[in-house]
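Participant: The residues making up each chain are set out below.
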Amino acid sequence: MTAKKTISVTVNGTVEVRTVEPRLLLSDFLRDTLDLTGTHVGCEHGICGACTIFLDGDSVRSCLTLAVQADGAEIVTVEGLGDADRLNFLQRKFREHHALQCGFCTPGMLISATDLLRKHSELSEAQVREGLSGNLCRCTGYEHIVRAVMAAAEEWDGEWNEATPRECTS
Amino acid sequence: MPTEAGPGLVGARVPRREDPRLLSGRGRYVDDLKVYGLLHVAFLRSDHAHARILGVDADSAWRMPGVVGVFSAADLEPVARSIEARSRMKNHHGTPIFALARDTVRYVGEAVVAVVAESRYLAEDALRQVEIEYEPLDALVDAEAAAEAETHLHPEAGTNVLAVREFSRGDVEAAMRGAAVRVGGRFRFRRKAAVALENRTCLAEYDRGGRSLTLHSSTQVPGIVKDALVEILDLYDHRVRVVAPDVGGGFGGKGSLYGEEIAVCALSLMLDRPVKWTGDRMEDLTSTSQAFDEIVDAELGVDNDGRLLALSAEVVGDVGAGSIYPWTAALEPVQVASFMPGPYRLPVYRGSVRAVATNKPPTGPYRGVGRPASTFVMERLIDMAARRLSIDPMALRLRNFVGKEEFPYRTGSGIVWDESGFAECLESAAARIAYEDFRERQAEARKRGRWPGIGIASYAELTGIGSRISAAPGMPINTGTETATVRVESSGRISAIFGVASHGQGLETTLAQIVADDLGARIEDIDVIQGDSAAVPHSTGTYASRSAVIAGGAARLSATALREQIVEAASHLLEAAPGDVEVRDSMVHVVGTDRRMTLRELARAFYSEMDRIPKEARETIELAASKLYDPFFGTTASASHIAIVDIDPETCTVKIERFVVAEDCGRMINPLVVDGQVHGGVAQGIGAALYEEVVHDESGQILTASLVDYAVPSAVEIPPLEVIHLETESPSTLGGFRGMGEGGAIGAPAAVANAISDALAPLGIEIFELPATPERLFRMIERTGNHRRGMQA
Ligand code: FES
Ligand code: FES
Chain W
1 MTAKKTISVT VNGTVEVRTV EPRLLLSDFL RDTLDLTGTH VGCEHGICGA CTIFLDGDSV
61 RSCLTLAVQA DGAEIVTVEG LGDADRLNFL QRKFREHHAL QCGFCTPGML ISATDLLRKH
121 SELSEAQVRE GLSGNLCRCT GYEHIVRAVM AAAEEWDGEW NEATPRECTS
Chain V
1 MPTEAGPGLV GARVPRREDP RLLSGRGRYV DDLKVYGLLH VAFLRSDHAH ARILGVDADS
61 AWRMPGVVGV FSAADLEPVA RSIEARSRMK NHHGTPIFAL ARDTVRYVGE AVVAVVAESR
121 YLAEDALRQV EIEYEPLDAL VDAEAAAEAE THLHPEAGTN VLAVREFSRG DVEAAMRGAA
181 VRVGGRFRFR RKAAVALENR TCLAEYDRGG RSLTLHSSTQ VPGIVKDALV EILDLYDHRV
241 RVVAPDVGGG FGGKGSLYGE EIAVCALSLM LDRPVKWTGD RMEDLTSTSQ AFDEIVDAEL
301 GVDNDGRLLA LSAEVVGDVG AGSIYPWTAA LEPVQVASFM PGPYRLPVYR GSVRAVATNK
361 PPTGPYRGVG RPASTFVMER LIDMAARRLS IDPMALRLRN FVGKEEFPYR TGSGIVWDES
421 GFAECLESAA ARIAYEDFRE RQAEARKRGR WPGIGIASYA ELTGIGSRIS AAPGMPINTG
481 TETATVRVES SGRISAIFGV ASHGQGLETT LAQIVADDLG ARIEDIDVIQ GDSAAVPHST
541 GTYASRSAVI AGGAARLSAT ALREQIVEAA SHLLEAAPGD VEVRDSMVHV VGTDRRMTLR
601 ELARAFYSEM DRIPKEARET IELAASKLYD PFFGTTASAS HIAIVDIDPE TCTVKIERFV
661 VAEDCGRMIN PLVVDGQVHG GVAQGIGAAL YEEVVHDESG QILTASLVDY AVPSAVEIPP
721 LEVIHLETES PSTLGGFRGM GEGGAIGAPA AVANAISDAL APLGIEIFEL PATPERLFRM
781 IERTGNHRRG MQA
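Going down the list, the sequences are from chains W and V. Last residue of the first sequence: 170 in the working numbering, with the numbers rising by one and none dropped. Last residue of the second sequence: 793 in the working numbering, with the numbers rising by one and none dropped.
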């Protein structure tokens, strides 16, 4: 087996230094090594989007990334958005519009939607659907998710970035 | 009996209480649980569809780093016996469920060897070193051929036909002879997978000292799994606990007992350490129970005025490798025949069913059970008849729906419909989609070379089925009752305890809404406890659109009973007659005075302050109530779906332009949740109609073992969904609730199939097979010689 490697990753603002096997998936690193189980794994082959996280500002699939590739990177996971008792703006829109049922796709959806909102100041419904097409949801039929993201796009007048959620306490 | 709930939380769009934790990544799904000393198991699964297991060579796997053990069926047998789904049906052959395949493998993906190691990575490394020697047997992949084959999957059954059933009312031959128009054909609904986004996962912890076992499992039916494990492992029932924590969707796929659940328990027992299995998507697509896979030869006879005279349906269900526990192999195909007559007045019916074993994964419960296929066939027949008679398909339906004055109506298969708004649903859906104007728009579009079409599907279903009938045909398990316990804790907070198990339905919210109203408590003071077999003496779980109706009814009864106890206690504490005491907003009030106390004060006084209540009262009052609810028959829910599609003549892809659902689910507990259930069901139905298919080749190899090949629709394929609710008060259930978790998936495939057939009617094409993939449509269109030329050619 290839030698273990020590990596340093900033996750949700905290620097984590760990020694890992080169083959360890980033999704497993987050879930098992760091115990950040909010990032979910639904397919391990890049289709479902449940494992989506921000890596240096880009939304990526943590199941297709190795932990060692994240050495030196900045990561934001769902745990880095608003807390349960202090949901951020988008999370609140998800709740108001009932955009989640089982909640398994939700962490990845929130990251992808944040990414989408960050990149577009205005969003058509078609753009939202297209923008979320890499995230499967089996429960909601997407209707309420699309409405929640549209509502967030309409009502939010600030800058979206991966850190936005933390700053949003209104 | 509780009176009708007044204006309160029931009926309100209450945001869900489970959301904050799920939105912030603090949900607890089975794979998120961290347990000290945890071992991981990986299964080596069969790559043969049908073969005898000659031997397992695991010597080098044993020597791999971190490996704790390698196990096959014989190793687990001393602690885990097999279990068999039983049925009172005649001509039913149950087949046993084992933790691991024993002697023979019957489908690709069946677990044969378990490797236990210190991590999942190490377990998978070791798995690669295990060799299984097989002697291949004939693989049976065609159900009709399998029904006649000499080779039997389960030689002890003496046949591959695991269940046979007939329904009959009237003389079909005679009625058909008298029909002006007869339409029919061979319909096919291909095999589908449930694909909950969370793969199946389970974690067993055995405590040797206490001889107790806890299984955390991503299951819809913790109560059923618990009862089964007690039998399989021979433990005391109160020492086996099955917990379904947050569960990432189920849709029926997590509604049965699985071998993996038995295996992790047996391994934990043997190794004296906690053992976890987390399935991956390939394991899910090859070993979770699947849906449909039916061939239906059906014919409908109609008179010149469009009155339905007779229906016949012969169903062959490809049920895969054997029975699923506890539902049996009969579950899906038998329901196809029993629901076939739909919401129509249909005097004469004959339905027959054969459930045939093949070398594919077992089929089992899937959202809608039987009704997606029966509705597909029946609604297609209605449209075909309408076309032949040149009667508008909507008009034909309205002419034949069971009418208001005819309820309760017994169908030809013996199902009884109670009053539900069959016609009202169709009329509202049609009004919303501007049905009347569509033909004009269609003619226009056709001139421009487009292929637009409109399709209706109307159906009725039984929900909240009580003890009178089993949720699966002939199955000797009571699925018809639920007990709820509601109690005041010493803090004054309320615990409401149920045997159901939410896996996305939001039961922590909806059941709390009901309890809050009937008790007079604030919702934030109520904790709903569910998904834990230890919380209740007996339960089954959440499936078959039962939880809102049955658990909801039990919630009403027990909350009302507890309220009486609270009033009784308060009458002592506030020195008032019980009739003058009212419970409101978690407070007890003496009507017309300012004397009142909070539930918290009441609880403290009752439980802890010994001088506040006389001894006699203390001995008779209990701040807890347990009530069972049994709706006995269950209740009818109905809906009409209308789809407008546009088919691209170039690519043969179907785009759904609009989709409207009008449904009667009785009184809604939470309209937000109801909408979400309908949307989700429709999306799965659209998947079934256009994209999703589990494909096995002629040797039984699966060709769709990843989400690359098994196409689950994304937000781009699913159109905006419009839902209209009709709240016809249901006469037969407590609170007027009807179940509605499955309906969306029942109507959508038929509506889409009818819309495609309507679009392609000028080419003489009728849809007989789903999913209607571009490839299937291309072949059909090509045969008519019209491809690429558009409709005007
Ligand atoms: S788990 Fe990464 S895309 Fe599905
Ligand atoms: S909420 Fe269950 S998969 Fe999206």
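In short, the hints are calculated from the structure, not lab data. All values reported here derive from a predicted model rather than from experimental measurement. Watch out, some of these pointers could steer you wrong.
[Unchecked claim] Quick list of simulated restraints, FRET-style, between CB atoms:
{"id": "1", "chain 1": "V", "residue 1": "T784", "chain 2": "W", "residue 2": "D35", "range": "57 to 65 Å"}
{"id": "2", "chain 1": "W", "residue 1": "D35", "chain 2": "V", "residue 2": "L54", "range": "56 to 64 Å"}
{"id": "3", "chain 1": "V", "residue 1": "E436", "chain 2": "W", "residue 2": "D35", "range": "54 to 62 Å"}
{"id": "4", "chain 1": "W", "residue 1": "T33", "chain 2": "V", "residue 2": "R86", "range": "23 to 31 Å"}
{"id": "5", "chain 1": "W", "residue 1": "E122", "chain 2": "V", "residue 2": "Q701", "range": "44 to 52 Å"}
{"id": "6", "chain 1": "W", "residue 1": "W156", "chain 2": "V", "residue 2": "R522", "range": "25 to 33 Å"}
{"id": "7", "chain 1": "W", "residue 1": "D56", "chain 2": "V", "residue 2": "A443", "range": "53 to 61 Å"}
{"id": "8", "chain 1": "V", "residue 1": "A431", "chain 2": "W", "residue 2": "D35", "range": "51 to 59 Å"}
{"id": "9", "chain 1": "V", "residue 1": "E124", "chain 2": "W", "residue 2": "K4", "range": "29 to 37 Å"}
{"id": "10", "chain 1": "V", "residue 1": "G592", "chain 2": "W", "residue 2": "W156", "range": "32 to 40 Å"}
{"id": "11", "chain 1": "V", "residue 1": "A434", "chain 2": "W", "residue 2": "S133", "range": "24 to 32 Å"}
{"id": "12", "chain 1": "W", "residue 1": "G57", "chain 2": "V", "residue 2": "E436", "range": "50 to 58 Å"}
{"id": "13", "chain 1": "W", "residue 1": "D35", "chain 2": "V", "residue 2": "V416", "range": "27 to 35 Å"}
[Stated by the list, open to error] Listed next, the in silico DSS-like pairs over lysine-lysine satisfying Cα-Cα at most 27 Å (straight line):
{"id": "14", "chain 1": "V", "residue 1": "K655", "chain 2": "V", "residue 2": "K447"}
{"id": "15", "chain 1": "V", "residue 1": "K34", "chain 2": "W", "residue 2": "K5"}
{"id": "16", "chain 1": "V", "residue 1": "K34", "chain 2": "W", "residue 2": "K4"}
{"id": "17", "chain 1": "V", "residue 1": "K627", "chain 2": "V", "residue 2": "K615"}
Quick reminder that beta carbons are idealized off the backbone N, C-alpha and C, glycines included.
Participant: When the structure is checked against the list of hints, which entries are broken? Sort them ascending.
Facilitator: 2, 4, 9, 10, 13
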